[in-house]
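**Q** Work out the full structure, taking the sequences as your base and the hints as a guide.
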Amino acid sequence: MTSIDYEISDKDKLKLVITGKLDAEATGNLWPQVFRKIDEINPQMLSVDAVGIEYCDGAGIALLLELKHKQEQNNRQFLTIGLKSEFEQLMTLFDPGKLSKSDKERASFVRFAENVGKATFKLLQDLKSQVSFTGELFVKLLSTLVHPGSLRWRDTFLIAEKSGADAIGITALLGFLIGLILAFQSAVAMRTFGAEIYVADLVVLSLFRELGPLLTAFVLAARSGSAFAAEIGTMKVNEEIDALTTMGLDRVKFLVIPRVLAATFVTPLLTMFNNLFGLIGCGLVMISIGFSPVTFMNQIQQAASLTDLFSGLVKTFVFGALIAGIGCLRGLRTGTGASAVGDSATRAVVASIIAIVIADGIFAVVYFIVGI
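4 is the number of the first residue of the sequence shown in our numbering; add one for each residue after it.
Hint data in this document are derived by calculation from the structure and do not stem from the laboratory.
It is possible that some hints are incorrect.
[Unchecked claim] Restraint-style ranges between C-beta atoms, simulated for each label pair: (1) Arg194 / Gln304: 18 to 28 Å; (2) Asp245 / Glu213: 34 to 44 Å; (3) Leu148 / Gly293: 49 to 59 Å; (4) Ala367 / Leu176: 19 to 29 Å; (5) Ser291 / Val373: 45 to 55 Å; (6) Asn77 / Ser111: 20 to 30 Å; (7) Gly338 / Ser88: 35 to 45 Å.
[What the hints assert, rightly or not] Think about it this way: if two alpha-carbon atoms lie no more than 30 Å apart in a straight line, the pair counts; the simulated DSSO-like pairs of lysine-lysine are: (8) Lys73 / Lys131; (9) Lys87 / Lys16; (10) Lys40 / Lys16; (11) Lys165 / Lys143; (12) Lys24 / Lys71; (13) Lys71 / Lys40; (14) Lys131 / Lys18; (15) Lys143 / Lys71; (16) Lys87 / Lys24; (17) Lys73 / Lys18; (18) Lys40 / Lys87; (19) Lys125 / Lys143; (20) Lys73 / Lys40; (21) Lys24 / Lys40; (22) Lys71 / Lys87; (23) Lys143 / Lys256; (24) Lys165 / Lys256; (25) Lys131 / Lys40; (26) Lys40 / Lys18; (27) Lys121 / Lys131; (28) Lys71 / Lys18; (29) Lys131 / Lys143; (30) Lys24 / Lys73; (31) Lys73 / Lys87; (32) Lys256 / Lys125.
Cβ coordinates follow ideal geometry from the N, Cα and C atoms, glycine included.
**A** Given below as structure tokens:
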């Protein structure tokens, strides 16, 4: 049975006499009443008579340490009397020393400045790693193009099959639905002016110049970019990349170059399928509102030229390289822990989409200056 007595010798002196076992259960019962008593008396000198303490575990030590720190923070005195040597050792072992001020006591501006500084430093570190990785990738890609025999061709074709051929179904379906929906919505608006025939112009130009490349790149980022990050991230977590380095194999040439080349060259092909099925969807809408297939074909031939088609396809080479490069970089920078691979895949998709949109904006400005 644990008991506690309070002895008030002077107005500003309080003595706690604790007897029995100071275990987790007893400490939980004593904790609130002890601190209520201390707050009520607010003693200048607090002493704990521990002669009668038979047993004390981590919870009991925590109570004693909290009493000590409370007195120290208020610039008051604290003393333990008769505490057994083994319990003294526990107090020395668990005592964290002088406690720093909690976040609540610190100025909000200081916390804000620290958070901004940490975020900025992390951003600069990430930017440095991206620049370093880009330079290394560019140099080794040139080396591979000069010496094509050093490329792992079998793995490159296998990755191209997974990223390209296996993605034709979802890419074609997405293109068909986008063409269908875009044509239908445009036809509703154009009917007001009796200009339904120009729906074909709108859809074909949108697909060739913007929607086809962008939608294909988004699908590739979500499907293949995340897969690249997850595959390499799993290898990083399992220390397989360290094993490659130990064997004298270059991780960029061995893992990154095949993925970058495969993604770069399959993206234009997927974009062609996207454009084709988008036009098929548009054609179904045009036929359903009364236009013949020949009229639809003639209209899209007059509306779009090879310049429109190739201006969109040129973008896809850059989009594919960005998707593969970012996915591989995030995989190589995977941390440790169960959620690290998932975090890398998420970052790869988000970063790829942002990079694609920025690159598309740059292309738009360049095309405008050039007059395309």
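**Q** Evaluate each hint against the coordinates.
**A** Status of the hints after comparison with the structure:
1. Arg194 / Gln304: 18 to 28 Å: 23 Å, holds
2. Asp245 / Glu213: 34 to 44 Å: This hint holds: roughly 43 Å between Cβ atoms.
3. Leu148 / Gly293: 49 to 59 Å: Because 53 Å falls inside the window, the suggested range holds.
4. Ala367 / Leu176: 19 to 29 Å: 27 Å, holds
5. Ser291 / Val373: 45 to 55 Å: For Ser291 and Val373 the Cβ distance comes to about 38 Å; the hint is violated.
6. Asn77 / Ser111: 20 to 30 Å: At 24 Å between Cβs, range holds.
7. Gly338 / Ser88: 35 to 45 Å: The hint (35 to 45 Å, Cβ to Cβ) holds, given that Gly338 and Ser88 are roughly 44 Å apart.
8. Lys73 / Lys131: 46 Å, violated
9. Lys87 / Lys16: 23 Å, holds
10. Lys40 / Lys16: 12 Å, holds
11. Lys165 / Lys143: Answer holds: Lys165 to Lys143 is near 24 Å, not above 30 Å.
12. Lys24 / Lys71: 20 Å, holds
13. Lys71 / Lys40: 15 Å, holds
14. Lys131 / Lys18: 60 Å, violated
15. Lys143 / Lys71: 62 Å, violated
16. Lys87 / Lys24: 13 Å, holds
17. Lys73 / Lys18: 15 Å, holds
18. Lys40 / Lys87: 25 Å, holds
19. Lys125 / Lys143: Judged against 30 Å, a Cα distance of about 27 Å means the pair holds.
20. Lys73 / Lys40: With a Cα-Cα distance of about 13 Å, the restraint between Lys73 and Lys40 holds, given a limit of 30 Å.
21. Lys24 / Lys40: 20 Å, holds
22. Lys71 / Lys87: Roughly 17 Å separates the two Cα atoms, so the pair holds.
23. Lys143 / Lys256: 7 Å, holds
24. Lys165 / Lys256: Measuring from Cα to Cα gives roughly 19 Å; hence the hint holds.
25. Lys131 / Lys40: 57 Å, violated
26. Lys40 / Lys18: 11 Å, holds
27. Lys121 / Lys131: 15 Å, holds
28. Lys71 / Lys18: Holds, at roughly 13 Å.
29. Lys131 / Lys143: 18 Å, holds
30. Lys24 / Lys73: 23 Å, holds
31. Lys73 / Lys87: OK: Lys73 and Lys87 at ~22 Å, within 30 Å.
32. Lys256 / Lys125: 27 Å, holds
The structure is inconsistent with the numbered hints 5, 8, 14, 15 and 25, although it conforms to all the rest.
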